[in-house]
Amino acid sequence: NAGVTQTPKFQVLKTGQSMTLQCAQDMNHEYMSWYRQDPGMGLRLIHYSVGAGITDQGEVPNGYNVSRSTTEDFPLRLLSAAPSQTSVYFCASSPGLAGWYTQYFGPGTRLTVL
Amino acid sequence: DAKTTQPNSMESNEEEPVHLPCNHSTISGTDYIHWYRQLPSQGPEYVIHGLTSNVNNRMASLAIAEDRKSSTLILHRATLRDAAVYYCILSSRTQGGSEKLVFGKGTKLTVNP
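So the sequence lines, in the order shown, correspond to chains A and B. Its first residue numbered 3, the first sequence is counted upward by one per residue in this note's numbering. Its first residue numbered 85, the second sequence is counted upward by one per residue in this note's numbering.
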């Protein structure tokens, strides 16, 4: 199993540009989520999905869109990038929702918005 | 969301045990206690989790206080590869009924050779 994969590893955008961060998992997990991590901070939840076709907002959803058309993929879209979105983005997946499940994290995408 | 409190940083010597504390005085009866760690430039990695009883796995042990208001992650013999930020997290149920993990700033562990 490749686990959770994220592409690209690094990205530089100009203010106002759009892009999609890709996330895929091959563990048949129902639950997937996106976090952002700013320097010296913990992770903050952006959006999450409890299964194909179902998404919901996390703690900091503004400026980001998600969709879940398949179990495997959970892309994160920035429609109009802003410097405040400069951060490291982590995707995670989990077998289920209950508190005893472990989350598996991808290696992250480092995004800089100029 | 139930919050956790951890020291900002701790130091240890290689091959010595490390006890990383975490306070969670507002924990609810159904909250699981999770520990994750994040090595430099990597995504968080699961370490261990528990509900009420102490737990052991190949990476670490988790000691949970009887009143569940605090817990301690125990690394039995620290190695240089254990240098990381350790997060103590409570599972948190959102309004929609979904579980999520709420990360704090964690404890930065430095292991000295």
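A few of these clues could be false.
[As the list claims (entries may be wrong)] List time: in silico DSS-like cross-link candidates among lysine-lysine, alpha-carbon distance up to 30 Å:
id : chain 1 : residue 1 : chain 2 : residue 2
1  : B       : 153       : B       : 192
2  : A       : 11        : B       : 192
3  : B       : 153       : B       : 87
4  : B       : 189       : A       : 11
5  : B       : 189       : B       : 153
6  : B       : 192       : B       : 87
By construction, these hints were calculated from the structure, which means they are not laboratory data.
A quick look at each hint next to the structure:
1. A C-alpha spacing of about 22 Å is found between residue 153 of chain B and residue 192 of chain B, which places the hinted pair at or below 30 Å, so the restraint holds.
2. Restraint check for residue 11 of chain A and residue 192 of chain B: satisfied, since their Cα atoms lie roughly 24 Å apart, inside the 30 Å limit.
3. Under the criterion of a C-alpha separation no larger than 30 Å, the hint pairing residue 153 of chain B with residue 87 of chain B is consistent with the structure, at around 11 Å.
4. Among the hinted pairs, residue 189 of chain B with residue 11 of chain A is consistent with the structure: their alpha-carbon atoms are about 23 Å apart, no more than 30 Å.
5. With a C-alpha separation of about 19 Å, the suggested pairing of residue 189 of chain B with residue 153 of chain B holds against the 30 Å cut-off.
6. For the given pair, residue 192 of chain B sits about 18 Å from residue 87 of chain B by alpha-carbon distance, which is consistent with the 30 Å threshold.
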